[in-house]
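A.B. asks: Model the full assembly from the supplied sequences, consistent with the hints where possible.
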Amino acid sequence: MSRLQNVSVLVSGGGRGIGRAGAIAMAAEGATVGVLDLDAGAAEAVADEIGRAGGTARAWKVDVVDPDQVAAVVEEAVQWAGGVDVFVHSAGIVAPAMLKDMTLESFENVVRVNLTGTFVCLTALIPHWTGRGRGKFVALASPAAVRGQVGGGNYAAAKAGVVALVKTAAAELARYNVTANALLPIAATEMSANVRENPKLEEKFLGMIPLRRWATPEDIAPSLVYLASSDSDYMTGSVLSVDGGRTI
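Counting from 1, position 131 in the sequence shown corresponds to residue 131 in our numbering; the numbering is continuous, with no gaps.
Be aware that one or more of the hints could be misleading.
Computed Cβ-Cβ distance ranges for the label pairs, DEER-style [claimed, not checked]:
| id | residue 1 | residue 2 | range |
| --- | --- | --- | --- |
| 1 | 99 | 197 | 18 to 24 Å |
| 2 | 176 | 39 | 29 to 35 Å |
| 3 | 98 | 68 | 35 to 41 Å |
| 4 | 30 | 68 | 27 to 33 Å |
| 5 | 98 | 126 | 34 to 40 Å |
| 6 | 48 | 213 | 29 to 35 Å |
In silico lysine-lysine, BS3-like type, Cα no more than 30 Å apart, as pairs [claimed, not checked]:
| id | residue 1 | residue 2 |
| --- | --- | --- |
| 7 | 167 | 61 |
| 8 | 200 | 100 |
| 9 | 204 | 100 |
Because the hints were derived from the structure by calculation, they are not lab data. Remember, predicted model here, so these are calculated numbers, not experimental data. We treat Cβ as the ideally placed atom computed from N, Cα and C, and that holds for glycine.
C.D. replies: Take a look at the structure:
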């Protein structure tokens with residue numbers, strides 16, 4: 001039997017990058033997958049790809065910082081799949097700048113999408129999960145959450161907040177058999193393009209990674225399968241680094 005047979009999963013930011021790779025990998029393991037993304041076309045393309053491979057998926061356009069939109073999608077997903085077992089929160093943005101050049105607007109926008117969006121998605125699921133007596137929340141953070149990030153103080157601050165929020169959720173929701181864990185990946189995605197497209201910056205960045213290379217989104221996806229599966233049932237409040245050693 002596949003590892004995620006009879007498991008329903010929602011993936012925010014599922015239209016591209018790690019979210020896309022995770023959605024496809026979890027569907028391949030038998031999960032019913034809801035693909036959530038602000039880009040409706042990207043979400044639909046991933047759902048179609050899963051369907052062509054024999055899986056079950058549906059796409060929703062959603063802005064993760066809009067509580068009404070997220071609540072509506074959760075309600076529809078519960079009706080469609082019979083419940084939501086796992087929520088993988090992958091949606092996020094970057095807006096690179098040194099602190100001396102960073103605007104308040106940029107700082108607040110990055111925090112809003114990356115941290116407030118995590119809060120909105122998590123709290124939308126809590127009533128459903130506490131009522132069922134089970135649930136899994138998986139949030140993508142970043143090594144920047146624990147190491148800081150030159151040229152990305154807004155992103156680092158937001159992702160540090162995500163880690164703290166996950167740990168708080170783990171402590172508060174354990175009594176309901178609801179777990180919350182954070183994943184800290186490094187991968188070649190659109191969000192890292194500003195580094196990868198600058199040879200000097202990329203060389204410096206890779207020099208801080210012991211494995212000296214980028215992961216692909218598909219390299220990260222097995223960790224999402226693990227965190228969504230029963231194999232991780234005794235994990236909560238954990239921060240799992242899949243970063244080539246960056247956080248050593």
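A.B. asks: Each hint needs a verdict: does it hold in this structure or not?
C.D. replies: Okay, the hints, checked on the actual structure:
At roughly 22 Å, the beta carbons of residue 99 and residue 197 sit within the given window of 18 to 24 Å. Restraint check, residue 176 to residue 39: a C-beta distance of roughly 33 Å satisfies the suggested window 29 to 35 Å. In this structure, residue 98 and residue 68 meet the distance hint of 35 to 41 Å, their C-beta atoms being roughly 36 Å apart. Distance hint for residue 30 and residue 68: a CB-CB separation of about 32 Å, consistent with the stated range 27 to 33 Å.
With their beta carbons about 37 Å apart, residue 98 and residue 126 fall inside the hinted range of 34 to 40 Å. For residue 48 paired with residue 213, a C-beta distance near 31 Å keeps the hint of 29 to 35 Å intact. Restraint check for residue 167 and residue 61: the C-alpha separation of about 28 Å stays at or below 30 Å, so the hint holds. Between residue 200 and residue 100, the direct Cα distance comes to roughly 21 Å. Compliance with the 30 Å bound is thereby established for this hinted pair.
Using a Cα cut-off of 30 Å, the hinted pair residue 204 and residue 100 holds, with the two alpha carbons roughly 21 Å apart.
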